[in-house]
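Novice: Could you put together the complete structure from these sequences and hints?
Taking our numbering, the leading residue of the sequence shown gets 8, the next gets one more, and so forth.
Quick caveat, the hints were computed from the structure, so don't treat them as lab data. Do not rely on the hints blindly, as some may be mistaken.
[To be verified] DMTMM-like, lysine to aspartate or glutamate: derived pairs with alpha carbons at most 20 angstroms apart: (1) 15 to 27; (2) 49 to 37; (3) 49 to 38.
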Amino acid sequence: MTDIAGMKAELDGLVREQADRRALREQQGEEIKARSQEYMTKQVQAAERYVQHVREMAQRKTKSGWSTDRSHAEPASAFDAETYPGPGGFEPAPPPSSPRPVRDEPRAARRPRAAVEDDEDFNNPW
Numbered sequence: 008m009t010d011i012a013g014m015k016a017e018l019d020g021l022v023r024e025q026a027d028r029r030a031l032r033e034q035q036g037e038e039i040k041a042r043s044q045e046y047m048t049k050q051v052q053a054a055e056r057y058v059q060h061v062r063e064m065a066q067r068k069t070k071s072g073w074s075t076d077r078s079h080a081e082p083a084s085a086f087d088a089e090t091y092p093g094p095g096g097f098e099p100a101p102p103p104s105s106p107r108p109v110r111d112e113p114r115a116a117r118r119p120r121a122a123v124e125d126d127e128d129f130n131n132p133w
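Specialist: Shown next as structure tokens:
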């Protein structure tokens, strides 16, 4: 009979521990939920302040003459052709005075391409 009583006491202890863990988990869940609610409330308040700020800036813009309305812009016919002569109104750049210098050394005397690539990889700062 003592074995049964001992097993029952152990089972009761396990049930109690499980209930305590469940209560702790629920309490932690409630705390997390409250913190999340507080965080989201702060986020909404910050977003509302931002929207209000943008609205105030838009009102200041229109009151100060910074209108975003482009209906008052000059028409395209106001282009001054004398000031901006277009592609035919400019002289082309003069050709270079001398041709490109030719190397004296033969092609075989230069370093092989693989060595150049290896050096470039080695010296690459990133």
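Novice: Compare the structure with each hint and give your call.
Specialist: These are the hints, each one checked on the structure:
1. 15 to 27: 18 angstroms, holds
2. 49 to 37: Roughly 18 angstroms separates the two Cα atoms, so the pair holds.
3. 49 to 38: 17 angstroms, holds
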